[in-house]
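*Asks:* Below are the chains, spelled out letter by letter.
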Amino acid sequence: MPEVLEAPLVVEFPFTRSLGPVQSAFLTGLRERVVLGVRTGDGRILVPPVEYDPVTAEEIRDLVEVAPTGTVTTWAWNHAPRRGQPLDTPFAWALVRLDGADTALLHALDAPGPDAVRTGMRVRVRWAGERTGAVTDIACFEPYDGDPAQPSGHTGDFENPVTGIVAPARLDYTYSPGRAQTDYLHALSDRRMVGERCPSCRKVYVPPRGACPTCGVATSEQVDVGPRGTVTTFCIVNIKARNLDIEVPYVYAHIALDGADLALHGRIGGIPYDQVRMGLRVEPVWTEGARHPDHYRPTGEPDADYETYKELL
Amino acid sequence: MTREIAVVAFARTDHRRGADELSEVEMLMPVLHEVLDRTGLKTADIGFTCSGSCDYLAGRAFSFTLALDGVGAWPPISESHVEMDGAWALYEAWTKLLAGDADTALVYSYGKSTPGSVRDVLTRQLDPYYVAPLWPDSVALAALQAQALIDAGDTDEPALAAVAARSRGSRADAAPQGDYVVRPLRTGDCPPVVDGAAAVVLAAGDRARELCERPAWIRGIDHRIEAHALGVRDLTDSPSTRLAAERAGAFRRPVDTAELHAPFSSQEVVLRKALRLDDGVRVNPSGGALAANPVMAAGLVRIGEAAAGIHRGRSDRALAHATSGPCLQQNLVAVLEGDPR
Ligand SMILES: [Zn+2]
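Keeping their order, the protein sequence lines are chains A and B. According to full-length UniProt numbering, the residues represented by the first sequence are 1 to 313, in order. According to full-length UniProt numbering, the residues represented by the second sequence are 1 to 341, in order.
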């Protein structure tokens, strides 16, 4: 069996999220170094505050300022911080019940080591130097042995409240294509197109995915297909894709390679875009250093009869 | 309840093996074939198909549609998917059978956790405003829960090590617990990262009796969720598990076996308490999620293992539990019984 192929895959996007009135007041407050909670129908103060009572689902809007000092209710020592976490030196994760609140807020606690942390210890907010209206405006908590800070009674009305956050997310993967696609990609590097035949319905799939989607059984018998094929259907692309150095308009087509029972897709070149037609016979054009054909061009053969490819549309 | 519904077959991958060389469908397909073979059914005989998986695990968009290749979905089948553990796919299939819309159902789930960093991937399910921007990984959150249990006097590190050792089939004094991952949790307290898949077949009434010598009848099944804010919850308890168990009828009579989906040793402590399991109950004879935790399949595996014990005559009344979310946020409980012998 050939070696398993793998490649890095990064999934990364910024999520833009709008805020409800309670979330907006809380995050704007952090920007202004004010911590707000919300009062529930039964008089409890939730920090961080939410829009709806987690027990009764009642809409709650009554904002109450609490102190930036509080007590650790549970903690965990993180000796190896990971990407994106609040501190890049060892720290404790902590749930902190701020003075005046009835529930606890999750954040990092900067402490010299696990022996310096215990449940019940007193801490205070360390504010970030640059604050934008996000939970990271709290840089972390730090040990504190003074009296509870006295909140000023802020009502939650601010100039220029934040109405949304942008939360970037990035996840890193090692992509491996699986057994069938690995075999297909290995063959491509020898400029061969290899499909796989279903043992039950005898259809040949290219590129193969390892299973016949009709029969639900594994495919394994390799079959050389192409290199020539027939355009079964196509579209004319008029919008230039970013990072793609191809002049528009161009034709993108479904191509049934000879011997295959499923069409793959590719770009058609070597012919004006408005002369491409169903039934056009084409062959791959390879370029140095690329694993996949660059495009397909006409072979000059007569067009294929519709009857020969109508099942492959 | 108007219709009796049973688990009639179960299959799972050998989760201890890596599946680097296989795509998701290549990993899943043998499990689907095995579960169908046990009943003699073909895809075309199945009334409803439901799957559970999560695209974020392997970073492949719409991976569940590719996984359908392994089912053989032509001519078109009646099919659904949940972006959750397969235990919740089973719940959906159960309601479908209960409503009389089908007599048989194929339920499967799979997860490839090894292509990504599952500790980080799972941060994306958290509150996106207040929690996810801090990237607290799944071990960190479980460690906060474990410390709360230690503070409450519900457990200590040696007791957690004993849970881990029992799950992995080794003696407590011989099994190295390893170093802290996030203190107080050590390597041995955390689930191994594996790839895997599982599948069950459900059938109603007489159809179940035709397909299986001793069907595992679902006497009750229910799932409940708690607040998403960790600081609102009592992390040493699981009221959602207890409520789901009540609604599933778990407390009406004792069970002989319990398959608990506790990815962390400390979570077994919470679940035993919430479910009032005493020492007479066999807990996780399969090894549980500490032996193998194929994310998105580990909950369905619990139901399948509980059912398989009944099929083989090793159990008469079993409880199966599945969880989802941080620190046991959402919980499903099913009660399974075999016919009297
Ligand atoms: Zn086939």
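What the hints contain is simulated information worked out from the structure, not anything from laboratory work. For every residue, glycine included, the Cβ atom is placed at its ideal position computed from N, Cα and C. Some hints could be false.
So, partial list: chain B residues that the calculated Cβ filter (under 7 Å) puts toward chain A [as the list claims (entries may be wrong)]: (1) Asp20; (2) Gln147; (3) Ile225; (4) Leu230; (5) Gly287.
*Asks:* Determine for every hint whether it applies to the structure shown.
*Replies:* Hints and how they fare:
1. Hint on B:Asp20 holds. Least Cβ distance to chain A is approximately 6 Å, under the 7 Å limit.
2. This hint holds: B:Gln147 has a C-beta 5 Å from the nearest C-beta of chain A, less than the 7 Å allowed.
3. At its closest, the beta carbon of B:Ile225 sits 11 Å from a beta carbon of chain A; the interface hint therefore is violated under the 7 Å criterion.
4. Taking 7 Å as the C-beta cut-off, the interface hint given for B:Leu230 holds, the closest approach to chain A being about 6 Å.
5. Below 7 Å, beta-carbon pairs count as interface contacts, and B:Gly287 has none with chain A, the closest being about 25 Å; its hint is therefore violated.
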